[in-house]
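**Q** Per numbering that gives the first Met the number 0, the sequence shown starts with residue 0, numbered consecutively.
Think of the hints as simulated: they come from the structure by calculation, not from any bench. Keep in mind that a hint or two might mislead.
Here are the simulated DSS-like pairs of lysine-lysine, each with C-alpha atoms no more than 30 Å apart in a straight line [said to hold, decoys possible]:
| hint | residue 1 | residue 2 |
| --- | --- | --- |
| 1 | 623 | 296 |
| 2 | 643 | 623 |
| 3 | 221 | 192 |
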Amino acid sequence: MHRVIFVCWIFFTASSGAFGQEDELNVLLQSLKSGKEDTARISLLHRIQDAYLDADNDSALYYNKMAEKLIDQLQAESQRHRCYHAFVKIYHAKFDNERALEYCLKGIEAAQRTANLFDKASSYRALFSIYYNLRKKDSAIKYAMYAVDLTEKIKDTGNLASMYGNLSRIYQGMELYDKAIEFGKKGIQQGEKYKDYKGMLISMNNVGNCYISTSRYKDAIKIFERQLIDGQRYKRMRSVFNALMNLGISYYNLVDKENLHRIANQMRAMESSFDAGDKSGHSFKYLVYGYDAQFQKKFPDAEQELLKGLSLAEKDSLPSLSTLYMALSTIKYCENDFLAATYYDEKWSQMDQLERNEEMAEYALDLEARYETENKIAKIKLQESQLKQKTTANYILVGSGIALLVISILLFLNFRHQRKLQKQRISELETEKQLTATEAVLKGEEQERSRLAKDLHDGLGGMLSGIKYSFNAMKGNLILTPENAQAFERSMDMLDSSIKEMRRVAHNMMPEALVKFGLDAALKDFCNDINQSGALKVSYQSIGMEKAAIHQTIAITIYRIVQELLNNSIKHAEATAAVVQLARENDQLSITVEDDGKGFDVSSLQQAQGIGWNNIQNRVEILKGKLDVQSTPGAGTSVFIEIKT
Numbered sequence: 000m001h002r003v004i005f006v007c008w009i010f011f012t013a014s015s016g017a018f019g020q021e022d023e024l025n026v027l028l029q030s031l032k033s034g035k036e037d038t039a040r041i042s043l044l045h046r047i048q049d050a051y052l053d054a055d056n057d058s059a060l061y062y063n064k065m066a067e068k069l070i071d072q073l074q075a076e077s078q079r080h081r082c083y084h085a086f087v088k089i090y091h092a093k094f095d096n097e098r099a100l101e102y103c104l105k106g107i108e109a110a111q112r113t114a115n116l117f118d119k120a121s122s123y124r125a126l127f128s129i130y131y132n133l134r135k136k137d138s139a140i141k142y143a144m145y146a147v148d149l150t151e152k153i154k155d156t157g158n159l160a161s162m163y164g165n166l167s168r169i170y171q172g173m174e175l176y177d178k179a180i181e182f183g184k185k186g187i188q189q190g191e192k193y194k195d196y197k198g199m200l201i202s203m204n205n206v207g208n209c210y211i212s213t214s215r216y217k218d219a220i221k222i223f224e225r226q227l228i229d230g231q232r233y234k235r236m237r238s239v240f241n242a243l244m245n246l247g248i249s250y251y252n253l254v255d256k257e258n259l260h261r262i263a264n265q266m267r268a269m270e271s272s273f274d275a276g277d278k279s280g281h282s283f284k285y286l287v288y289g290y291d292a293q294f295q296k297k298f299p300d301a302e303q304e305l306l307k308g309l310s311l312a313e314k315d316s317l318p319s320l321s322t323l324y325m326a327l328s329t330i331k332y333c334e335n336d337f338l339a340a341t342y343y344d345e346k347w348s349q350m351d352q353l354e355r356n357e358e359m360a361e362y363a364l365d366l367e368a369r370y371e372t373e374n375k376i377a378k379i380k381l382q383e384s385q386l387k388q389k390t391t392a393n394y395i396l397v398g399s400g401i402a403l404l405v406i407s408i409l410l411f412l413n414f415r416h417q418r419k420l421q422k423q424r425i426s427e428l429e430t431e432k433q434l435t436a437t438e439a440v441l442k443g444e445e446q447e448r449s450r451l452a453k454d455l456h457d458g459l460g461g462m463l464s465g466i467k468y469s470f471n472a473m474k475g476n477l478i479l480t481p482e483n484a485q486a487f488e489r490s491m492d493m494l495d496s497s498i499k500e501m502r503r504v505a506h507n508m509m510p511e512a513l514v515k516f517g518l519d520a521a522l523k524d525f526c527n528d529i530n531q532s533g534a535l536k537v538s539y540q541s542i543g544m545e546k547a548a549i550h551q552t553i554a555i556t557i558y559r560i561v562q563e564l565l566n567n568s569i570k571h572a573e574a575t576a577a578v579v580q581l582a583r584e585n586d587q588l589s590i591t592v593e594d595d596g597k598g599f600d601v602s603s604l605q606q607a608q609g610i611g612w613n614n615i616q617n618r619v620e621i622l623k624g625k626l627d628v629q630s631t632p633g634a635g636t637s638v639f640i641e642i643k644t
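Please build the complete structure, drawing on both the sequences and the hints.
**A** Structure, rendered in C-alpha cells:
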C-alpha cells in the first residue's frame, strides 16, 4: 500500500504584524539595549518575537520568555494574552502540541479577565486546531463552532480567512475532502477580500493538500504554484517552504523528473531562508531531495538525504517517519539490496500499524482529556513549585543516575547492534553459499545438456541417417511383394519420425539457434515450434534486442526460464494463448510471460515443492533479478522478471 504524505500547515493569526526586514529587526534589537523596564519594553519584545517567528523559532521563544518574565514583574495583565498566544504559535511550529495547549488555555483565562472578545476568539481558533493535532476530534469540532460563532459575532473580518482555513484542515483530517475544499476556497476568498494574506496562504495550503489526498496532483500543483508566488510576495517564508515541498511531492507522484529537479534546486537555493527550528519541515525537505536523487538514479545520494530526514523524524516522532521508511525501501530495491529493503518495509509496516492502533484508541483518549484538561494547569503549577524546592544534591544525584542509565543503554544498544550485524553477515554468507552451489549445479546441468545434445545430433543422428541411406540403397536391389513393400515403407516412415524426434530432443537440450544467433532468435524459434505443434498459440515480441550482446550464461538461463514457464502454461494452466516479451533498456533486461489459463492463488507458491518452479526461482536469484507473479483463479497468469545485465 502506498500512502501519500503531505506537509500540513496550520498557522494561528497574530494580533499584530511581523517584521521580516533585516534592517527593521536590527533597529528593534538596538532599541532593546537602551530601553527601560516598562510596558513599552514588553511591546518591543513582542515585536522582536514577531519578527523572528517565521524564520527562527528558537529566537522567538527566547524573546517571548523575556516578555513573560517582565509581564510577571510589572503585573501587566493587558499584555499577558499576547504573550501566551505567541507561545502557542511558537510551540505549534515546533510540533509541541502539549505545551501549545497549556498556553492556549492560559490565554483564554487572560482574555476572560480583561473581557477582550477579540483575544478570546483568537485563542479559540488556536484551541480547536491544537485539539485536532492531538487527535481529539470531538473537542476540535466543539471549539471550532465556538470560534466561528464568536468571530462572526464580533465581525473580526481580518481572521475569517484563517478560521475557514483551519476548518478546512479539520474536515480534511476526517477525509471529508469536498467539505474541506469548500471551506478552504472560502478562506482564500476572504483572505483576498480583507487582505488577510496569512489566512489566505493557510487556506491555499490546505486545499492543495486535499488535492494530494485525492490524487489530483495537477490541481495541487496549480494552487501550490500560486501559494509559492504569493508567499514570496508577502514574505511568508514558511509558506514558501511548504509550497516548494508539496510541489516536489506532487511532481514525484506524477513522475515528472525535470520539474522535481527544478523544485529541489530551488529549495536548495533558498535553504538559508528557512526556519532552522522547523524539524518536521526539514525532514520533508530531505524527502524531496531524496526523491530528486532517486529520479537522477543517484541512489547513494538519495539514501544519504533520506537518512538525514530519518534522523530528524526518529528523534522527534515526526509525521514524515513512515514516508521516509517507504522511500528508503524503494532506494534499496533499486540497488538490489533486498535485505535492507525488507528492513525498511518492516519499519514502515510497524509505523502503519501504530497509526491504526492510535486511531482505535482516539475516542477513549478524547473522553479522558475532557475531564483532565481543566486540572492540567493546576498540576503543572504544582509540579513547578515542587521542582523549585529540590536541592542541588538531588539534581546531581538525578543527573548522575540519568548519565549512568544513558551509558548503560548505549552499551546495550551497541551490543545488540553488533550482534545483529553478525547475524546479518552469517545469513548473507549462507545465502551466498546456497546460490553458489545452485549456480554450480545449474551450470553442470547445462554442460551435460550440451554434451548430450551434441552426442545425440552427431552420434545417434548420424547413425540413424546412415541406416536410412542403407535401407534406401537396399530397396533398389530387392524384389518385394506388395505386402512387404508396404511394410518396408512404414518402417522407413518410422525411421524418419525417430530422426525428427531425436533432433527435437537435441534441440530442446541445447538449441542451435541460441549458440549461433543469440537469445532473441532462439526464443523466436522456440515460440514458432510451439505454434506449429498446435499445443499453444504463442505471440513473441522483442524490444531493443537488435544489437543486444548478452553473455551466453545469462542467455541460456533466460531461455530455460521461458521454456519452463511456457511448459507450465501448457501442462498446468490449460492455456490456449500466451505472450512472450523480451525487452532491453540500457543495462536492464525484462522478460514477461502471460497466458490466458485457469490461473491460481499466488500465495500457494510459498509452499510449492515443484522442481520446475524451484528451478525458475533459483535461476532468477543467481542472476540477481527480481521476480513478480500476478495471478488469480480463472484470470490467467502474468510473470515479470527484471535482470541487470
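**Q** Which of the listed hints are not met by the structure?
**A** none
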